[in-house]
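Student: Based on the sequences and whatever the hints tell you, model everything.
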Amino acid sequence: MGPLIPLDIIPDTWNNVIAVAIGIAFGFIMEGSGFSSSRKIVGLFYGYDFTVLKVFFTAAVTSAIGLLYFGYFGWLDLSLIYIHPTYLTAAIVGGLVMGIGFVSGGYCPGTSLIGAGIGRIDGMVFTVGLMLGIFFFSETFTWLEGMYEGTGFFAGDFLGYITITEYFNISPNIFIVGFTIVAVAAFYFTNLIRKRVKPVNY
Amino acid sequence: MSKTYFLLGALLILVSLGLVILPSSENEDKVPPEKLLTELMSQSRFLPPDMVAARLIDEDPSILLIDVRPVEEYSSYSLPGALNIPLADLLKNDWQPYLNQNSMDVVFFSNGDLQADQAWVLSTRLGFKNLYVMEGGLNLWFDQIMQPEKPPASAASEAFDLYSFRKGAAQYFGGGAPEQVSNKQSGENIPIIRREKKTVAAGGC
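Protein chains in written order, with our numbering: chain H, 196 to 397; chain E, 15 to 219.
A couple of the hints might just be wrong.
[Said to hold, decoys possible] Result set (DSS-like, lysine-lysine): computed pairs, CA atoms no more than 30 Å apart in a straight line:
| hint | chain 1 | residue 1 | chain 2 | residue 2 |
| --- | --- | --- | --- | --- |
| 1 | H | K249 | H | K390 |
| 2 | E | K17 | H | K249 |
| 3 | H | K390 | E | K17 |
| 4 | H | K235 | H | K249 |
| 5 | H | K393 | H | K249 |
| 6 | E | K49 | E | K143 |
| 7 | E | K164 | E | K143 |
| 8 | E | K106 | E | K143 |
| 9 | E | K17 | E | K106 |
| 10 | E | K17 | H | K393 |
| 11 | H | K390 | H | K235 |
| 12 | E | K17 | H | K235 |
In case anyone wonders, no lab produced these hints; they're calculated from the structure.
Tutor: So, in structure tokens, the structure goes:
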């Protein structure tokens, strides 16, 4: 049956309309979970608030389990799902840039827009920084191109459209069970940590 | 930790464990019936014997002939280079590397095209690619390639080209004598009229 748009059950022209609707719902729920506060988000790094970990781990586990069940019942053709290609060095460097920006600015790109949307000044400043980053990346693209496309010095970086379970040749179902157990264990232990740490008012 | 969180955590683990307990899915790696029917209705899987013959003569490396008849029939006669996979053994693992690949065109054939078509349906159902059936099987092969019928004199020149190709193919595959090509040209048989020498009367009165 699914995916709905690649199989043309929903026409391609509805793509942007659906994206806007999902975007509004996403922003609304993120704001409701307190993700418009940079201090709440960086609480994960300093160890006084683990909401970010709980929300994202729950989202990942729920959708992964749901996708596997949908695929099993034949509601969704998992071979048609888009898988992001892996460029090794680019992923590591990009992850570092993202992580440093995350912990120093207190936002990730999406939440900075939520912060700006409800009028937080740090969110607006972060959004401007985001745009500047895009500008500098575009201007220096000719230097970074090899890393971006896995050519030249970075040849062999491109690992294709692989997933972790394909790379290590394990069953996705077993991997997801392990992932779920790790997630629930993480919820439990972060709860213990949060109780021991001196509460922070923000 | 509150009771609700404990219950939700336990539920998450239970649901994920369900993924492991599930029996292996039946529609895995198989072609759904609707798609199979569409492919079955399309006649594009049939390759005429002429096309198979042309590719064999050209020594096309991308063609893989598979004889689905029983071993005895295969050993008495088969097409050159054909591999014997009797229909009954089609699903054996030994043959998977030949059938489940992307680089070659697999052509099934049998005496008619019924058994070959059955092999085609089974293999298509398993999701294998580039599968064909030789139209009419070996019977049509014999009728068309090994013992081609000479087109009537009034036929189009294409029919004669096809006929000469088939004659050549028959010779290539070891059968049929080359056609006796007569080089007679009109005008050759014109009788030569010899003039008799005029004898000059000798002597006189």
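Student: Against this structure, judge whether each hint is valid.
Tutor: Do the hints match the structure? See the list:
no., hint, in the structure
1, K249(H) - K390(H), "15 Å, holds"
2, K17(E) - K249(H), "17 Å, holds"
3, K390(H) - K17(E), "17 Å, holds"
4, K235(H) - K249(H), "12 Å, holds"
5, K393(H) - K249(H), "20 Å, holds"
6, K49(E) - K143(E), "14 Å, holds"
7, K164(E) - K143(E), "37 Å, violated"
8, K106(E) - K143(E), "17 Å, holds"
9, K17(E) - K106(E), "54 Å, violated"
10, K17(E) - K393(H), "24 Å, holds"
11, K390(H) - K235(H), "16 Å, holds"
12, K17(E) - K235(H), "25 Å, holds"
Figure legend: structure checked against the earlier numbered hints; hints not met, in rising order: 7 and 9.
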